[in-house]
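Asker: Taken in order, these protein sequences are the chains called A and B.
At position 221 of the first sequence (counting the first as 1) the number is 221 in UniProt numbering, and the numbers step up by one without a gap.
At position 151 of the second sequence (counting the first as 1) the number is 151 in UniProt numbering, and the numbers step up by one without a gap.
Derived from the structure by calculation, the hints contain no laboratory data.
Just so you know, not all the hints are guaranteed correct.
The list cannot tell twin chains apart, which means a pair is met if one copy fits it or any two copies do.
[What the hints assert, rightly or not] Think about it this way: if two alpha-carbon atoms lie no more than 20 Å apart in a straight line, the pair counts; the simulated SDA-like pairs of lysine to any residue are:
{"hint": "1", "residue 1": "K119", "residue 2": "Q52"}
{"hint": "2", "residue 1": "K175", "residue 2": "Q121"}
{"hint": "3", "residue 1": "K175", "residue 2": "Y145"}
{"hint": "4", "residue 1": "K231", "residue 2": "E118"}
{"hint": "5", "residue 1": "K175", "residue 2": "P211"}
Predicted, not measured: the structure shown is a model, and the values here were computed from it.
2 protein chains.
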Amino acid sequence: MPTKGRLYGIGVGPGDPELLTLKALRLLQAAPVVAYQSAVDKDSIARGIVSQYLSGHQIEVLFHLPRALEPETASAIYDQEVAPIAEHLAAGRDVVVLCEGDPFFYGSFMYVFTRLSEKYQTEVVPGVSSLMACPVALGVPFTYYNDIMTVLPAPMPAEQLITHLLATDAAAIMKLGRHFTKVRDVLHQLGLASRALYIERATMAQQTIIPLDQVDPDQVPYFSMIIIPTKSRL
Amino acid sequence: MPTKGRLYGIGVGPGDPELLTLKALRLLQAAPVVAYQSAVDKDSIARGIVSQYLSGHQIEVLFHLPRALEPETASAIYDQEVAPIAEHLAAGRDVVVLCEGDPFFYGSFMYVFTRLSEKYQTEVVPGVSSLMACPVALGVPFTYYNDIMTVLPAPMPAEQLITHLLATDAAAIMKLGRHFTKVRDVLHQLGLASRALYIERATMAQQTIIPLDQVDPDQVPYFSMIIIPTKSRL
């Protein structure tokens, strides 16, 4: 029996390859196997971020974690998708799993972690999250002193969004997609539209900042966010 | 008149020097002037994080941003404290300002940014925040899918803390210090104590994880956090 390989979940940051940490780069370049996910028929965003750091001699494993499934169906598919990673670990090969942003903050690595970390020695490396990258890209201080900050996924009902926005000092609204119009209307209703800032693909080459009311609701990508920065005076 | 220097605010991450980004390291090593803050009579935490990367030939500027002051007093002191940074910029020297964690996420760099960024070309580099580092250090997936996540500063009244904790899926409670006992009691009252995880100085050499009910309320440092991870099943 070979010694088992070690599993690494590394945050590769929001998009700019220079926002990788020194630790993530070291582990990435040392690993014989690099695994990453993508949507079916799409390039892996995470692999794109680190492509310049890959040696070309590493084994690459692509997996798919389809969203929008019934939990029971999803779980069986996720079990199957992580199986090739487990095979490399069982054969004694270390595996680095790439994760956009940070692995434990809405990160896809969590599905791998819950399935394999009890069986294989596992180390996770935190990364720069889009929650930090978006305010910096927008050039606006986000949270200050004793501010309350809330991350709100856009799919929630408008009433719930309103309750949370009224109770917080600063907010990030994510997963906008087809929920953009609802969110924009709520922000106007609450008088928050003038403070709200919209950004797509922060720190990536295609980064785009658009005034809230000029955003085309039919063209809002997954990698978009609305930031409502603190109104505290510094 | 010399060309003005450029101002850089760089996140140096939560404590582990290897959690610096490649971009932060590049800018740090290229700058003729490195500025950082500390409490009076204490070593600068941010400088400690990057000390191994300093050449020894850089000009170092120490500044103090005393907390717990009346806003008007504080503002005048902050103006005075950032003046040496402005002098280097005016003389044409680039200045890198170090910031623990991320510069715009409860970061001290914001006080420098609001005072100098209109006058000097400024670039900010996001960093790994303790909000991401603490769950990773605790080994627990933090937020998932459509979770709501709230950052709650511990100084708020217990009633407000309760309202927010009841409304969120996952939470981070920070600035615990002398508010620890109040927070611990609220977590017990809400049945959240068994899910709550306490950590001090995440990713630093002195990192300490203590079961919530074994924490000595008189020994809770500034760099501590309580994480309440998602209860979603992955």
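Asker: Indicate which option fits the pair K119, Q52 if close means a Cα-Cα distance not exceeding 20 Å: within, between, both or neither.
Answerer: Intra 31 Å, inter 36 Å, cutoff 20 Å: neither.
Asker: How do K175 and Y145 come out at 20 Å by Cα distance, when the copy is not named: within, between, both, or neither?
Answerer: between (27 Å within a copy, 9 Å between copies)
Asker: When no copy is named, should K231 and E118 be tagged within, between, both, or neither for a Cα gap of at most 20 Å?
Answerer: between (44 Å within a copy, 18 Å between copies)
Asker: Please work out whether the CA atoms of K175 and Q121 approach to 20 Å or closer within one copy, between two copies, in both situations, or in neither?
Answerer: neither (32 Å within a copy, 33 Å between copies)
Asker: Which holds for K175 with P211 at a C-alpha limit of 20 Å: within a copy, between copies, both or neither?
Answerer: within (18 Å within a copy, 34 Å between copies)
Violated hints, listed in ascending order, are 1, 2; each of the other numbered hints is respected by the structure.
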